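**Student:** Work the whole structure out from these sequences, hints included.
These protein sequence lines map, in sequence, to chains U and G.
For the record, in the first sequence the residue sitting at position 40 is 40 according to the working numbering, with numbers rising by one throughout.
For the record, in the second sequence the residue sitting at position 60 is 60 according to the working numbering, with numbers rising by one throughout.
Simulated from the structure, these hints should not be mistaken for lab results.
Quick caveat: nothing in here was measured; it's all calculated off a predicted structure.
Every residue gets a Cβ at the ideal spot worked out from N, C-alpha and C, and that includes glycine.
Heads up, some of the hints might be wrong.
[As the list claims (entries may be wrong)] Pairs of lysine-lysine residues, derived as DSSO-like cross-links and limited to a Cα-Cα distance of at most 27 angstroms, are as follows:
no.: 1; chain 1: U; residue 1: Lys25; chain 2: G; residue 2: Lys146
no.: 2; chain 1: U; residue 1: Lys56; chain 2: G; residue 2: Lys3
no.: 3; chain 1: U; residue 1: Lys56; chain 2: U; residue 2: Lys21
no.: 4; chain 1: G; residue 1: Lys3; chain 2: U; residue 2: Lys51
no.: 5; chain 1: U; residue 1: Lys25; chain 2: G; residue 2: Lys362
no.: 6; chain 1: G; residue 1: Lys187; chain 2: G; residue 2: Lys30
no.: 7; chain 1: G; residue 1: Lys362; chain 2: U; residue 2: Lys51
no.: 8; chain 1: U; residue 1: Lys21; chain 2: U; residue 2: Lys51
no.: 9; chain 1: G; residue 1: Lys362; chain 2: U; residue 2: Lys21
[Unchecked claim] Not the full set, but computed from the structure, chain G residues with beta-carbon under 10 angstroms of chain U:
no.: 10; residue: Leu5
no.: 11; residue: Ala9
no.: 12; residue: Arg82
no.: 13; residue: Lys146
no.: 14; residue: Asn150
no.: 15; residue: Leu151
no.: 16; residue: Arg153
no.: 17; residue: Cys225
no.: 18; residue: Gly228
no.: 19; residue: Arg237
no.: 20; residue: His240
no.: 21; residue: Gly294
no.: 22; residue: Arg299
no.: 23; residue: Ala311
[What the hints assert, rightly or not] Facing chain U, from chain G, some residues (calculated, C-beta under 8 angstroms):
no.: 24; residue: Glu83
no.: 25; residue: Arg85
no.: 26; residue: Ser90
no.: 27; residue: Leu145
no.: 28; residue: Ser154
no.: 29; residue: Gln155
no.: 30; residue: Ala156
no.: 31; residue: Arg223
no.: 32; residue: Arg231
no.: 33; residue: Leu235
no.: 34; residue: Phe236
no.: 35; residue: Gln238
no.: 36; residue: Gly295
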Amino acid sequence: MSRIVDARGLSCPQPVLATMKEIEKGPSGEIVVLVDTDTSKENVCRAASGKGWQAKSITPEGSGYRITLVKG
Amino acid sequence: MSKALSFFASRWGILSAGVFIGVLAALLQKMGNPPNMGICVACFERDMAGALGLHRAAVVQYMRPEIIGFVLGSLLAAYMFREFRARAGSAPIVRFILGVFAMIGALVFLGCPWRALLRLAGGDGNAIFGLLGLIVGIWIGTLFLKSGYNLGRSQATYTSVGWMLPLIMLGFLVLMLIFPQVPGQEKSGVLFYSPKGPGSMHAPLTISLILGLAIGFVAQKTRFCTMGALRDLILFRQIHLFLGVIALLAAAFITNLILGQFQPGFAKQPVAHTMGLWNFGGMVLAGLAFALAGGCPGRQLFLAGEGDGDASVFVLGMIVGAGISHNFGLASSPDGVGPYGIPAVIIGLLVCCFIGFTMREKTA
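**Tutor:** Right, here's the structure in full:
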């Protein structure tokens with residue numbers, strides 16, 4: 001069961017803060033992050049990879065993206 | 001196209017953006033813009049407020065085409081790469097107030113973060129106090145962010161909402177073309193111009209506009225942001241955006257050396273004063289307001305270009321703030337702070353703290 005972070009409509013740096021918060025809750029697994037701008041997509045992926053998480057997939061969803069982050 | 005996209009998002013992309021802006025700013029100064037002010041988003045928006053008659057400080061009135069270019073260049077990039085998304089509704093009135101106080105703080109220092117870097121790159125030691133203030137202001141902002149500060153979600157909206165600020169900028173450009181500057185005269189049609197002072201110093205309109213468009217395009221794609229650079233460094237220990245800031249500083253410094261524009265010292269620096277404490281204090285206020293609003297003045301223009309209606313409201317807040325600054329005697333001059341500049345900074349800090357403390361999402 002993956003954890004979900006809904007960062008749609010949130011402006012910088014909230015999507016990264018929300019993702020980091022979820023990352024700190026558990027050392028591994030799968031986190032799905034929903035964002036609605038390309039900037040948020042890039043920032044979330046960059047911040048997650050700094051913590052050792054990989055973007056397994058990035059798929060368009062609505063007017064934004066569904067990012068699936070994995071680790072472990 | 002995807003190669004271009006990954007370049008812009010890479011370290012080389014942000015470094016190139018910093019170099020690009022730093023070199024062009026120094027060149028714009030060479031081509032006529034005011035000294036150590038090749039580009040200054042706060043000063044230029046202040047000049048635009050003057051051109052519209054929102055204040056009547058005779059030496060700072062000019063409809064700066066660089067600002068128009070920033071918004072329209074960003075719009076162009078956003079459409080070209082399919083990133084234009086009209087959105088609005090994240091506490092717009094708060095963003096307006098933050099824009100007003102960001103401008104008040106910036107005009108006590110005499111510059112936005114871009115100009116703080118350009119002043120340092122031109123040898124103005126007073127900029128060090130401004131940059132330290134900026135760091136402290138952003139640091140305070142990160143404390144609010146860590147404690148749950150958040151202006152709430154924006155909503156997707158009509159495309160035309162996202163077009164409002166670009167259309168306003170287009171309108172300003174049309175006004176400039178209909179009512180061009182008449183040498184030695186303060187007014188041309190509905191627009192005010194400065195016959196002397198910093199407002200009279202500008203590169204040719206076409207060059208300013210084209211370079212503004214180019215910077216807007218590159219900055220939209222690379223997400224260049226001076227506030228974000230320091231915020232991400234403090235909050236996440238992330239250096240990505242900070243590389244762009246360092247690149248801007250280094251590139252402007254080297255270009256200034258080559259062009260003979262580097263004049264080190266503290267006294268008699270162009271469009272600057274030597275009151276260290278208030279150079280610092282003004283930028284604490286500006287830095288905090290930028291951090292609470294999520295972007296430096298330049299970044300707010302680029303966001304406005306890609307459809308962010310809330311960033312557009314911040315920009316309008318800054319323009320109105322410039323009018324208030326000069327009409328109320330808050331803005332500094334080379335002689336020092338304005339008669340009411342110091343109380344305005346204190347009130348601004350209190351207002352920002354009120355916003356920061358009261359707009360926090362309760363965490364479970």
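**Student:** When the hints from earlier in the document are held up against this structure, which numbers fail?
**Tutor:** none
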